[in-house]
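> For my numbering, count along the first sequence from 1 and bump the result up by 324.
In short, the hints are calculated from the structure, not lab data. Cβ atoms here follow ideal geometry from the backbone N, Cα and C, with glycine treated the same way. Take these hints with a grain of salt, some might be off.
So the derived label-pair ranges between C-beta atoms look like this [unchecked claim]:
hint	residue 1	residue 2	range
1	Glu1054	Glu1235	26 to 32 angstroms
2	Gln1209	Ser1238	38 to 44 angstroms
3	Glu586	Glu1054	49 to 55 angstroms
4	Pro1346	Arg1374	40 to 46 angstroms
5	Pro1084	Ser944	39 to 45 angstroms
6	Arg1185	Gln459	38 to 44 angstroms
7	Gln1209	Ser1081	22 to 28 angstroms
8	Glu586	Lys844	43 to 49 angstroms
9	Leu617	Asp726	26 to 32 angstroms
10	Gln1209	Lys907	25 to 31 angstroms
11	Asp1130	Arg1353	27 to 33 angstroms
12	Pro904	Gln459	32 to 38 angstroms
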Amino acid sequence: MTTESKTATAPDPADIPSRFDFETAEKEIYADWLSGGWFHTEPDSTKKPYTIVIPPPNVTGALHLGHALNNTLQDIMIRLKRMQGFNALWMPGTDHAGIATQARVEKRIKDQEKKTRHDLGREELVRRIFEWKEQYEARILGQLKQMGCSCDWDRTRFTLDDVCARAVRHTFFDLFKKSYIYRGKRLVNWDTYLGTTVSDDEVENKPVKGNFWHFMYPVIDPKPGEPPHVTVATTRPETMLGDTAVAVHPDPAAALSKVESELKEKLKKAAASEIEGVEQQIEALQTRRTEMLASLEQLRDMANDGRMLMLPLMDRPIPLVTDVWAKPELGSGCVKITPAHDPNDYEVGKRADLPMVNIMNADGTLNAETGKYQSLSMKQARKKVVGDLEALGLLKDIEDRDIELPVSDRSGTPIEPYLTDQWFVKMNTLAQSAMDVVASKEVKISPERYAKGYLSWLGEKRDWPISRQLWWGHQIPVWSIPCPTQSDCDAMRDKVTGLSAYSDDIAVVEIEASSETDPKKRKQLGLPDFTLHVCVQDESEELEKALQEIGLVREEDVLDTWFSSALWPHSTLGWPEKTPELKHFYPTSALITSRDIITLWVARMVIMGLNNLGQIPFDSVFIHPKILDGNGETMSKSKGNGIDPLDVIDNFGADALRFGMADLTTETQDVRLPVKYECPNEQCKHQIVQTVKNRTLARVGCPKCNKEFSTQWAEKEEDLALPRGPVTSERFEVARNFTNKLWNASRFAMLNLEGYSAAPINEADLTVEDRWILSRLVTVSNNVTESLENYRYAQATRELYDFAWDNFCSFFVEILKDRFANPDLRPHAQRVLVFALDQLLRLLHPVMPFVTEAIWQQLNRFAPERGLESVQNATDCLIGAQWPQLEAKWYSADIETQFARFQSALGSLREIRSRQNLPPKKEVKFSIGCDQAYADSLSPMASYFKSMAAAELTGMGPDVQPPETNATVASDGIEIFVDLEGLIDKAAEIKRLEKEEKKAEGNIIGKEKKLSNEKFVSSAPPEIVQRERDSLAQLKEQLATVKASLKKLRG
RNA sequence: GGGCGCUUAGCUCAGUUGGCUAGAGCAUCUCGUUUACACCGAGAGGGUCGGGGGUUCGAGUCCCUCAGCGCCCA
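Let the sequences and hints guide you as you build the complete structure.
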């Protein structure tokens, strides 16, 4: 930037278009920022760090508006902090999203090539998924760039890359060494389609119509008086093949009484509409007591006496046991127990030490345990079991019933509870540490209410199942070998530790006792007594090879995807290396995310941060709202209601998208965003509301022009050939218009910079409007800073919008038109305008980086030097400019009041003009009756009434007399008389005044009532009472004026 | 079943610790193309703040209750 040219030449107006060409500008500016290296930071001990790690988007697909919101909010913070002088790092990257991505690619392969993963093999499948990942990662990062995200792209990470893999290995090794990781047989959620365990968080309960089957199991050798059968009821008849007991409640009488008293309690509090239902329940319970209690107690006694039942079809004797899981108030009061295939039964099985018979193969078919039912699917088995029992006369009843069916949210198949060996992380100690730092607010979650969910989830301290039977992910770094006996085991341990590549630093040996505790059974099943596990820390080919040579085999399973995500804040910074980045940028400053992953991700990051570094991963967590579609549903890829941010950007520009997003971010509310397809046909442009029906279609027909267009779901050639109909929402129009308004106000400024020279300004030379805009700037910049720092994005955008539009454009710039007309006033006006615009651009930059940068660089052409009391060269790029730091002295409440008087008088004049239907150019005269002080405060702005309301002020002060024919407005303790000689529309004026009269009278009655209330006057704070009195007095004056005017008009 | 949130203008939403006549944008109506901007300007109409009850001098705001909607957990 040259400093020699002290005066500017005004640009040719044709140079600056009247619309902001965001499409071109965004590309150029983003390239500028990149080449300028603005996004990249190095550790720098002279600067304070500010760090955000991106919630890494899943490479399952492209981003939607939910992500746009999330990333906009992060970029706003990063840009703010960068301007505030922090060493701001935004760490980008993507997540391999294990099961989700593998499921998607597998489905694609199946659809397109009719092949399964087993047809391809592990290596080929992983290769295919990597291909997919490359494609979607590029798309995702491209979307982020188009949104203007200022991530440090040089540092982009992927949760499955080498750096992250190393962190995973080190963490796993450490936890293994601390014995926090163990393997064990547990009942897990099994996805038979994908052939893997899924966590509770990946299971969705879906209400479906089902049945309740009642079966009779024969009693073996019943004693006289005892029933020949026990009846059980189930929603899953096929699982009876794995039954190992039938349970009855140990104290049915007490259980029934308890339920009854609970119902009675409920009845007391029940709403009128519920009472009948509860009463019926109580009645039914009482009937049950008289009819069934005796037989339940008899069964209980039989159980205690060791009576056995014969499991039909399998002809296996199973015991009748007592357990509280049996509910005497439900069904027959007895329940069949299938420990290996139902979570509740599993608990019963553990309590009663029952055998656990697994009847299922990993692919969901029945195994050899089921005899003739082997290799049937669950569905086929159900039909056959029910039929066979019926044939035996043991099917008693079939009821219709609504049931909650657990389904895998990845594949949509019903979940089978399945007993398998899995790896777990013990959560007790780890969870506690993560609870402590949130309880103590060392990690501050806002809005605060979300801390509750975090704490209660961790409080359960449920062990974390981390193994997944997938191929896409971090393979568990454990090599194992079964050891038939203790001495084999000891020998093998010695063999391992004796390997030359072995050292305690990089490997640890752990011995797992068989989960089958009964030695006889172990022998029968051919299970070894022990399994020896060796966990290896780093890629150490030598040791791995050596282990394989002596017969150890690497665990095939991979880790839950959240295991690597949990390390994200430090793995991305290079941990376990002690990198300068880690030292400088960790702990990170803020984590900005959505509420649905507080437990899955946020909690686990805190756990791992504390475990691996002994430090929290971030100081502050901000949970932002969710974007809902027009039907109030959250946007998601699976529902198909996600909107591509690029649609919005194409239509309205990235700044509009960002401003819109920030403007939606209030503390309490999720945001409903009804969207429409826009017909791409140039002549049509018809908008079609998006519905649940059409939102997943690849092509949609336009009802207006009858032509079809494609959507984001188009994949087939014939669909892609159609023009693309983008999704749009009018909610971004406001922001787009705002962008353009700002652009044009700046355009105006620059068109008027002819002869601009920078120079310090004397405070005394500032006009009222100068001081007003400066005072407002102080207030606005303070408020915006405070709002943003506390994540109150919508508050910040609203303040900026109102200031820029209503203060800066509608008043300040309008007034300047008058001053620019006078060559003597011009240089000064230019300087103040340039300064105010400069500050406004800075304030808007974090939210709308492109348009502000574009204007800034234009402004640098005409006014490279700017300032108020001292003059400085502006930075080349706005992204690197300093955040406004206005001196408090520029704030003045008096000036703001003074200016408000002008605004109010101007408003009155305009209203009268409008009501009187005066042509805009028709000049009128007016005068103001007010006290001298008021007149003095208004007089500096007297001339602006002419340019802004085509009204000439002819007199002002206590002696002003109303002209013969006039319209009068009384407010704020003054009277404005507009001379309407020869112009007046009496009827309109009477109508206006009558309305005023009515309103004033209403208000007066209200206030008088309030003030005549003795209690109000005595209890309310004196300033409130005084305010009411003043306001009443003013209203009365106003009313008198209105009445007088009316009287005169009516003649 | 438990927890959290929401209900304010036709639509989408603001409304800090209770206190001036409840705000904005869009939509609607009237007027307007005066050289920054019609993606604009000036003005207007539109709300018994979901229903009921309570606390208070005073409630959109606090408490209770009913109704409806949404999310999370079981």
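> A separate judgement is required for each hint: does it hold in the structure or not?
Right, here's what the structure says about each hint:
no.: 1; hint: Glu1054 with Glu1235: 26 to 32 angstroms; in the structure: holds (29 angstroms)
no.: 2; hint: Gln1209 with Ser1238: 38 to 44 angstroms; in the structure: holds (42 angstroms)
no.: 3; hint: Glu586 with Glu1054: 49 to 55 angstroms; in the structure: holds (52 angstroms)
no.: 4; hint: Pro1346 with Arg1374: 40 to 46 angstroms; in the structure: holds (42 angstroms)
no.: 5; hint: Pro1084 with Ser944: 39 to 45 angstroms; in the structure: holds (41 angstroms)
no.: 6; hint: Arg1185 with Gln459: 38 to 44 angstroms; in the structure: holds (41 angstroms)
no.: 7; hint: Gln1209 with Ser1081: 22 to 28 angstroms; in the structure: holds (24 angstroms)
no.: 8; hint: Glu586 with Lys844: 43 to 49 angstroms; in the structure: holds (45 angstroms)
no.: 9; hint: Leu617 with Asp726: 26 to 32 angstroms; in the structure: holds (28 angstroms)
no.: 10; hint: Gln1209 with Lys907: 25 to 31 angstroms; in the structure: holds (30 angstroms)
no.: 11; hint: Asp1130 with Arg1353: 27 to 33 angstroms; in the structure: holds (31 angstroms)
no.: 12; hint: Pro904 with Gln459: 32 to 38 angstroms; in the structure: holds (34 angstroms)
Of the hints listed earlier, there is not a single one the structure fails to meet.
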